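S.K.: Taken in sequence, the protein lines are chains E and U. Under the numbering used here, the letters of the first sequence match residues 1 to 474, in that order. Under the numbering used here, the letters of the second sequence match residues 1 to 474, in that order.
Keep in mind the hints are simulated off the structure, nothing from the lab. Predicted model only: the values in this text are computed from it and were never measured. Every residue gets a Cβ at the ideal spot worked out from N, C-alpha and C, and that includes glycine. Heads up, some of the hints might be wrong.
Said to hold, decoys possible - Simulated restraints, written as ranges between beta carbons of each label pair:
1) E:D382 with U:L464: 54 to 60 Å
2) U:E11 with E:F389: 20 to 26 Å
3) U:S42 with E:T403: 40 to 46 Å
There are 2 protein chains.
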Amino acid sequence: MHDRMQTFTAEELNKIHDASMDLLKTVGVRFDDNEAIDLFKSNGFKVDGKTVFFSEKNIRRALDTAPSNFKLVARDPAKSIAIGGDDFALAPGYGASFISTIGGLQREATLADYQKFCQLVQTSKVINMNGFLMVAPWDLQAETAHLDMLYSNIVFCDKPFMGSPVSREATHDCINMLGIVWGSKEKRREMPVTASLITPLSPFRYTAEMAGSIIELARYNQACIFGALVMAGSSGPMSLAGLLAQQNAEILAGVTLSQLVNPGSPVIVGGTSAIMDMRTGCLAMGSPEVPKLTSATIQMAKFYKLPARAGCCVTDAHLTDAQAGFESALTLLTAIRNGTNFILHAAGILGSYSAMSFEKFIVDEELCCVVIEILKPIEITDQSIDIDFIKEVGIGGDYLIQTKTLEQCRTAFFLPNMVNRKGYNGWQDDGHKRIDEKAAEVINDRLSSYVKPDIDPQIEKDLLAYVQKRKNEI
Amino acid sequence: MHDRMQTFTAEELNKIHDASMDLLKTVGVRFDDNEAIDLFKSNGFKVDGKTVFFSEKNIRRALDTAPSNFKLVARDPAKSIAIGGDDFALAPGYGASFISTIGGLQREATLADYQKFCQLVQTSKVINMNGFLMVAPWDLQAETAHLDMLYSNIVFCDKPFMGSPVSREATHDCINMLGIVWGSKEKRREMPVTASLITPLSPFRYTAEMAGSIIELARYNQACIFGALVMAGSSGPMSLAGLLAQQNAEILAGVTLSQLVNPGSPVIVGGTSAIMDMRTGCLAMGSPEVPKLTSATIQMAKFYKLPARAGCCVTDAHLTDAQAGFESALTLLTAIRNGTNFILHAAGILGSYSAMSFEKFIVDEELCCVVIEILKPIEITDQSIDIDFIKEVGIGGDYLIQTKTLEQCRTAFFLPNMVNRKGYNGWQDDGHKRIDEKAAEVINDRLSSYVKPDIDPQIEKDLLAYVQKRKNEI
Numbered sequence: 001m002h003d004r005m006q007t008f009t010a011e012e013l014n015k016i017h018d019a020s021m022d023l024l025k026t027v028g029v030r031f032d033d034n035e036a037i038d039l040f041k042s043n044g045f046k047v048d049g050k051t052v053f054f055s056e057k058n059i060r061r062a063l064d065t066a067p068s069n070f071k072l073v074a075r076d077p078a079k080s081i082a083i084g085g086d087d088f089a090l091a092p093g094y095g096a097s098f099i100s101t102i103g104g105l106q107r108e109a110t111l112a113d114y115q116k117f118c119q120l121v122q123t124s125k126v127i128n129m130n131g132f133l134m135v136a137p138w139d140l141q142a143e144t145a146h147l148d149m150l151y152s153n154i155v156f157c158d159k160p161f162m163g164s165p166v167s168r169e170a171t172h173d174c175i176n177m178l179g180i181v182w183g184s185k186e187k188r189r190e191m192p193v194t195a196s197l198i199t200p201l202s203p204f205r206y207t208a209e210m211a212g213s214i215i216e217l218a219r220y221n222q223a224c225i226f227g228a229l230v231m232a233g234s235s236g237p238m239s240l241a242g243l244l245a246q247q248n249a250e251i252l253a254g255v256t257l258s259q260l261v262n263p264g265s266p267v268i269v270g271g272t273s274a275i276m277d278m279r280t281g282c283l284a285m286g287s288p289e290v291p292k293l294t295s296a297t298i299q300m301a302k303f304y305k306l307p308a309r310a311g312c313c314v315t316d317a318h319l320t321d322a323q324a325g326f327e328s329a330l331t332l333l334t335a336i337r338n339g340t341n342f343i344l345h346a347a348g349i350l351g352s353y354s355a356m357s358f359e360k361f362i363v364d365e366e367l368c369c370v371v372i373e374i375l376k377p378i379e380i381t382d383q384s385i386d387i388d389f390i391k392e393v394g395i396g397g398d399y400l401i402q403t404k405t406l407e408q409c410r411t412a413f414f415l416p417n418m419v420n421r422k423g424y425n426g427w428q429d430d431g432h433k434r435i436d437e438k439a440a441e442v443i444n445d446r447l448s449s450y451v452k453p454d455i456d457p458q459i460e461k462d463l464l465a466y467v468q469k470r471k472n473e474i
Numbered sequence: 001m002h003d004r005m006q007t008f009t010a011e012e013l014n015k016i017h018d019a020s021m022d023l024l025k026t027v028g029v030r031f032d033d034n035e036a037i038d039l040f041k042s043n044g045f046k047v048d049g050k051t052v053f054f055s056e057k058n059i060r061r062a063l064d065t066a067p068s069n070f071k072l073v074a075r076d077p078a079k080s081i082a083i084g085g086d087d088f089a090l091a092p093g094y095g096a097s098f099i100s101t102i103g104g105l106q107r108e109a110t111l112a113d114y115q116k117f118c119q120l121v122q123t124s125k126v127i128n129m130n131g132f133l134m135v136a137p138w139d140l141q142a143e144t145a146h147l148d149m150l151y152s153n154i155v156f157c158d159k160p161f162m163g164s165p166v167s168r169e170a171t172h173d174c175i176n177m178l179g180i181v182w183g184s185k186e187k188r189r190e191m192p193v194t195a196s197l198i199t200p201l202s203p204f205r206y207t208a209e210m211a212g213s214i215i216e217l218a219r220y221n222q223a224c225i226f227g228a229l230v231m232a233g234s235s236g237p238m239s240l241a242g243l244l245a246q247q248n249a250e251i252l253a254g255v256t257l258s259q260l261v262n263p264g265s266p267v268i269v270g271g272t273s274a275i276m277d278m279r280t281g282c283l284a285m286g287s288p289e290v291p292k293l294t295s296a297t298i299q300m301a302k303f304y305k306l307p308a309r310a311g312c313c314v315t316d317a318h319l320t321d322a323q324a325g326f327e328s329a330l331t332l333l334t335a336i337r338n339g340t341n342f343i344l345h346a347a348g349i350l351g352s353y354s355a356m357s358f359e360k361f362i363v364d365e366e367l368c369c370v371v372i373e374i375l376k377p378i379e380i381t382d383q384s385i386d387i388d389f390i391k392e393v394g395i396g397g398d399y400l401i402q403t404k405t406l407e408q409c410r411t412a413f414f415l416p417n418m419v420n421r422k423g424y425n426g427w428q429d430d431g432h433k434r435i436d437e438k439a440a441e442v443i444n445d446r447l448s449s450y451v452k453p454d455i456d457p458q459i460e461k462d463l464l465a466y467v468q469k470r471k472n473e474i
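Construct all of the structure, not just a fragment, from the sequences and the given hints.
M.R.: The structure is reproduced here in structure tokens:
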């Protein structure tokens, strides 16, 4: 197909790769974790203080063991998700501190909000993975909030979920809680059930929290999502080509650590690098550079035959308006169409990650369904063309009155959940609402349709006991 | 690049083509115009009453003469547009009867509204072609309204524009008015300056208005845009494969007539076929089937090496909300990315063509700019990667304070016109507006920035005299 979107040539892909290799060899990457440094040293890497230097051979060895695809097992096995190839996960927004109300006014998020998002994910027809840190609950102690969020993830929802890499200890808590649900840590090693977001601190650093989490996650075979968020002009160069080389180097360094810890442990690579708006100094997530970088980043992941990650439905709008709609659509269509395997922020995020919105969650779900439908192929066969039927109806004929039309009308087309399809008068009679106003109305129905998924009462009790024990310790 | 959007195989393209050939041969197409029928007869086509049957040879001969690309010359030659290959035109909405106000309330459109849209097109940085029937002015007599619209198109704007194929006479008026501006009809033959929308009456008919307009347009070398709008389940089959075969047959029949009249006369082929929503009975322009059909239709146009037409920024929303935003974005990104050459409805349309909105026009312009930017390639060269600079900034360095960053910051990134990029506090201080509210505010500035383009006073006088003369005659 004719495609005006840039497809990198092999030469261009290799040029980015070569630049990354050069940066890894000469600049290196700092890991603020002694175990990580020891691991690199004992595997013969060149290390200077906390800075690790990588040869192409080091990187190639890691790429050889990192899997191209894997399965995330859900508490309800029927909800497990394949990651890689044509399969992908859709996870909700991540990292917001506030709840955006319908008029765009922000308020501090609470654990109750977090749990509502767990319920929305559980009842979603399209969001197939639960998040972590969808909103940061202000009513909890920061040091132990991850315990309540993990508990909510496990108990409120039986889909695969994201882990808690806020520190090495928090990651270890996640591993322990997985052990309570799925059996011993050793059993855990065989089966990834979570994916955790690992973000390098650009340029060229992994904090103690991130480096420690990589080690814990890889050791217990839980997936690391290496999600670079380089901000062009601030934590990376203005040149998008340079930025791609930098983020690629950072990602590959993280992948290499994970494969040293546990060769074959699952990884997902990509990111949502973006630009800094030069007039406001703000991160511009809705900018056209984001889908452009997203497409480039997916192509780099495919070049390495690794599952690709993208951040979608991102916007700089602070409410669910037409800007939020079109910015979300542009990243989502680009990422899904171009073959990504893990989509973060697929529902609910607003204001360059500053807030989550219940209304936008509902609207984004509809958008996700629409994009998935757009990408379903049209079957072109003699049977589907059904030329005899077209001949029968003939010139000036009316398809509406044909029996075949009546037979097909319930299944032929995509049925939307909530977009307006009424004519002007019908829409006026319905109260002439914007889609965000309609979304606000359906949230309560959605939440009241929620049924807590089955869980062994003993497991639930043990999880709660673990949370309590750890809260007392921390 | 990995692409989850369906790329038709050669076998699938040929299957659609073969089905169209079968339909053209056995069902035929009705043309309600005697000159058209005589032309087909004198060229040896099988004709039965007003129904024309086409052999593959007839179609191949037309495809041999129809050009793959051409240039639409503007009154300001610097604003001429190339159509074909990588070049494309963006024209505003078409066919609406109402103006949608910011709350979604519709009112009857007037000539003053029409002229405002001409002024918006003239001052647009991205809409490079003026429309026709952007809104139908209710304050004019229907029989002569095309004269005032054409006059406005020519005098208010010096970009290429769409002609008036509402009847053969109206098309002839257009040709005559072009003659006043660009010289004799004979000169006009050498230079297309307008493109006119020809819509078959599905299934398999061309009305007297359309057939007559094709003849007039082709004769004077003005472009025909064959824009099928088959409504699956009503004027075509529910099966999208069958619909594609039907619309392709209808389009090729029209192209063949144009090439019989004047071999080599410019055509653009495509359409905005859509589905009927089975719950409301309404045309569902925002449905996922539309981008899917758009992609398929562009692939058929490329198969025939003809310039492709798409309808974009379409939505079923009645106001400029998040639904309007994401539905508009999905059709626009798909069409431009997949290589279309003429985009109708690129700005302003709402409610499945029922209304035009000044606010949506402004928002759509921003969306068009963003999509065009997304598709600009990232230059991957040693110079653009600039690895020495990344090495220099190094681990943990700050790009913000680098001289190079300051030097590049004005030109490196896309500068939006009106989307919000402010942080939450800045946006609150600015009055926490939705983008449609911001758009409403900028319209007056845009209109007051409008400067009427230069025109020879004698030409303007002659155009006005022609309009008056024809109004007296009709």
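S.K.: Now, for every hint given, state plainly whether the structure supports it.
M.R.: Against the structure, the hints:
Checked against the given bound of 54 to 60 Å, the beta carbons of D382 (chain E) and L464 (chain U), roughly 58 Å apart, stay inside it. Distance hint check for E11 (chain U) and F389 (chain E): the Cβ-Cβ separation is about 22 Å, which falls inside the suggested range of 20 to 26 Å. The beta-carbon spacing between S42 (chain U) and T403 (chain E), approximately 42 Å, falls within the hinted interval of 40 to 46 Å.
Checked against the numbered hints above, the structure breaks none of them.
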